[in-house]
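*Asks:* So the protein lines, in turn, are chains Z and D. The numbering used here puts the last residue of the first sequence at 181; the count rises by one with no breaks. The numbering used here puts the last residue of the second sequence at 1664; the count rises by one with no breaks.
No lab work stands behind these hints, which were simulated from the structure alone. We put the beta carbon where it would ideally sit given N, CA and C, even for glycine. It is possible that some hints are incorrect.
As the list claims (entries may be wrong) - Within a straight-line C-alpha distance of at most 25 angstroms, the following computed DSS-like cross-link-like pairs (lysine-lysine) qualify:
no., chain 1, residue 1, chain 2, residue 2
1, D, K1235, Z, K40
2, D, K1142, D, K1241
3, Z, K138, Z, K40
4, Z, K135, Z, K67
5, Z, K126, D, K1310
6, D, K1304, D, K1241
7, Z, K124, D, K1537
8, D, K1331, D, K1266
To be verified - A few chain Z positions that, by computed beta-carbon distances, are all more than 10 angstroms from chain D:
no., residue
9, D81
10, P141
11, I155
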Amino acid sequence: MSDAKEAVVGHGSWTPRIVAFFCNWCTYTAADLAGVSRLKYASNVRVIRLMCSGRVDPQFVVEAFAKGADGVLIGGCHPNDCHYVEGNYKMLRRYRLLQRMLGDMGIEADRVRLEWISAAEGEKVKWVINDMVEKVKKLGPLGMPGRFDRWDQEIEELEAQAREGEGKETVNEKQAEVAHA
Amino acid sequence: MIPKKHEPIRIGFYICHCGTNIAGMVDVEAVAKYVSALPNVAVSRTYKYMCSDPGQEMVREDILEHRLNRVVVAACSPLLHERTFRQAVEKGGINAFYFQMVNIREHNAWVHTDRAEATRKAMALARAGVQRVAFHKPLEVKRVPINPTVLILGGGIAGIHAALVLANAGKHVYLVEREPTIGGHMAKFDKTFPTLDCAACVLSPKMAAVGNHPNITLWTYSDVVKVDGFVGNFKVMVRRKARYILEDICTGCLECIEACVYKEPKFRDEFNLGFGKRKPVYISFPQAVPPVPLIDPQTCIELKTGKCKKTCVEACGDRKAIDLKQQEDLKEITVGTVIVSTGFKIFDAKRTPYYGYGIYPNVYNALEVERLVNASGPTGGEVVMRNGVTPKSVAVIHCVGSRDENTNRWCSRVCCLYSLKLAHLIHERTHAQIYNFYIDIRTPGKSMEEFYNRIAEEGMNLIRGKVADVYPDPSDGATGRLIVQAEDTLLGRILKIPVDMVVLAVGLEPHPDAADVRRKFNMSCSNEGFFLERHPKLAPVSTFTDGVFLAGCCQGPKDIPDSVAQAGAAAAEAFSLIDKGFIEQEPNTAFVREEDCSGCKSCIPLCPYTAISFLLDKRKAYINEALCKGCGTCVASCPSGSIVQNLFEDEEIFSEIEGVLAYE
């Protein structure tokens, strides 16, 4: 984390990248309503439309982080209002598990958020997005792609070290064999 | 990234200016230039209005000329124009689903203020669309036959009109109304603005037509319990409450009411808002449709104790229309489309206690006054107060429960005009001095301003000012005289006007159980609780549930002409679906790739439509495409990734994720 923050100081102009998965019937429509009502909110969120929040595969969230997202927002219909009866409950279950898993990976809880936003709640889209952008700004960049590079580098280095070590051992062994003979 | 196919992918990208709607906030030329450099993009253009004929024609021509096999349009919301562009793409000779829409208006240009940021975002979204479309597969739209029967929920003027339009066109209609009669609020009115023609004269013939129409099954005193299914094939459970009088046998002679052991009406008459009295066996009003009385189990001695002489049964005689053992009946019907026209409720004036409603007997709400001025009302059209006195001065207070931060913020649209109407009618009957207190007079609509001028010229006192307080006249407490205190904001003076009667022009609200109806039909409500239309301008009677339409005040306050117009529109929408004969279903269903399915069965209990079954011989899951509604919940949960959702395949979403993040 600290490395990433340092990297930002260099950049200076970092703004969070947030990927949002919105269900077609409630939250996506609410975002449309926010547009029609000309509400203004932070431009950091990029929305991906799905038919239902139940379609949000935890892999989508992990993939978004891996590809450089600083936060992931999931929007679905209110409990009891799902267009597909109960897809939002399925999402809620997955979300709870996912939060624990992401926590274990060192990703802060504020970086992934599940919100119920009905088709009429354009205002809620606005404040949820603004609030999330603020929170993620405070956390700073997640920088997973950079971390992957560093981890790859570390592993390569370790491998190289191990190879060197192996090389020496075999040489020693050979010498020992020779000496023995 | 791009799967190897026998032919190279050639994408056409189009970004719409939408006049200045998009181009004003997004540098469309820069986005087009950025996209033109992306892999597989053969053409990248901007155009003033992509949805116009020349815009669509440009797509078609480019497909032919540049051998495009994928198209991306960055414009408004796909909920608005996805279909338009799919058709344009199809005209160019490629499958309609080789198309992706990118929303840069509602989700971008309209909600951001920094042009550079908005342009950056548009580039990212465009890139996601371009990356995604490469994975698109050709799909076919499914056609499902539609049941031609229509359910109309609510028998006010909107429901009545919609029912007649459809029934006259030869379609079968179930009209379900929860009150014992149809007619709704309009049946309670005496005269209607701006023409001052009598409500009953225009409504009664329509009500009778509904009652007699061979294509209308009228179920009053009934409500919808449960709704299953989807457009074209809704299964609806209707509860028909026990009336204790058999509708198909009763002749409407009303002799049972005459013969009731209660010689005088004794119980609160709901239709007259408590001003009249009724017997346990009663009919709401003489012109009720169906013209069949009902027995109230709360007040009927026989139904309460079983110890009545049952003079009503005696009076009915051989007709045997009275069945005191009747039970409520659950009926299941199948309909293809639904029109919801459940109407409104009036604002409860007790929520504005400073006006004294429910405290001082001479404070009335407007609907009560409608009954008082009604020739067929409890007083025969005579305006007399609860103490039997004819008022000599009357204050009409506008905007009670409308345009008010503390109660309801919206304008109820009809109150100004009905207040003027009531002022006229009260004056006509009593020659009383009338004071109308208003915030603003709002009279939009044909002939409405002329009506206002006419009433103003009749010598009404129109005072611009919100009433602050209504309290008993300290000098004259015994007669119930009231003082209305307000600031005349045009003269800048505080007025304290003594009046005999106060009329509160209460606003319109959604029914308290609107949320239940909304859930049953999977609709949405706007913030104030009225049902939400699909689009405020372009789909004003449609909802987000296909095949469910709105009419009348359940969608928002409106007057009778607008309710009727909307009912006609809703009927036309339903009719256009029915007449087509089939529903086109978005091909976003899921299927199982059998070679990858491990047969773990974890998807099976997740499907709310029981579309997934287990093939015992193969030990694989199987999705019945006809039952699948395309939510994708099973796809997201399959541990082996063997379920694929058309239009939302994993690869498509992953490429979109990568696309939206790939910006500098």
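*Asks:* Does the structure keep Z:K124 and D:K1537 at a Cα separation of 25 angstroms or less?
*Replies:* Since the Cα atoms of Z:K124 and D:K1537 sit roughly 22 angstroms apart, the hinted pair holds (cutoff 25 angstroms).
*Asks:* Given the proposed pairing of D:K1304 with D:K1241, does the C-alpha separation stay at or below 25 angstroms?
*Replies:* holds, 17 angstroms
*Asks:* Beyond 10 angstroms on every Cβ pair: is that true for Z:P141 relative to chain D?
*Replies:* Label holds. Min Cβ-Cβ 12 angstroms, cutoff 10 angstroms.
*Asks:* Does Z:K67 lie within 25 angstroms of Z:K135 when you go C-alpha to C-alpha?
*Replies:* holds, 20 angstroms
*Asks:* Please settle this one: Z:D81 was flagged as non-interface, so is its CB more than 10 angstroms from every CB on chain D?
*Replies:* Its Cβ does come within 10 angstroms of chain D, the nearest being 7 angstroms, so this is violated.
*Asks:* Taking 25 angstroms as the top limit, are the C-alpha atoms of Z:K138 and Z:K40 close enough?
*Replies:* holds, 21 angstroms
*Asks:* Measure nothing beyond the straight line between the CA atoms of D:K1235 and Z:K40; if it is 25 angstroms or shorter, mark the hint as holding.
*Replies:* violated, 42 angstroms
*Asks:* Taking only the CA atoms, is the gap from D:K1142 to D:K1241 under or equal to 25 angstroms?
*Replies:* Given pair D:K1142, D:K1241 is violated - Cα atoms ~40 angstroms apart, limit 25 angstroms.
*Asks:* Checking the smallest CB distance to chain D, is Z:I155 really beyond 10 angstroms?
*Replies:* About 24 angstroms separates Z:I155 from the closest Cβ of chain D, which puts it past 10 angstroms; holds.
*Asks:* Would you mind confirming whether the straight-line C-alpha gap from D:K1331 to D:K1266 stays at or under 25 angstroms?
*Replies:* Since the Cα atoms of D:K1331 and D:K1266 sit roughly 34 angstroms apart, the hinted pair is violated (cutoff 25 angstroms).
*Asks:* Between the alpha carbons of Z:K126 and D:K1310, is the straight-line distance 25 angstroms or under?
*Replies:* Not satisfied, since the Cα-Cα distance of roughly 65 angstroms exceeds 25 angstroms.
Consistency note: the structure conflicts with the earlier hints numbered 1, 2, 5, 8, 9.
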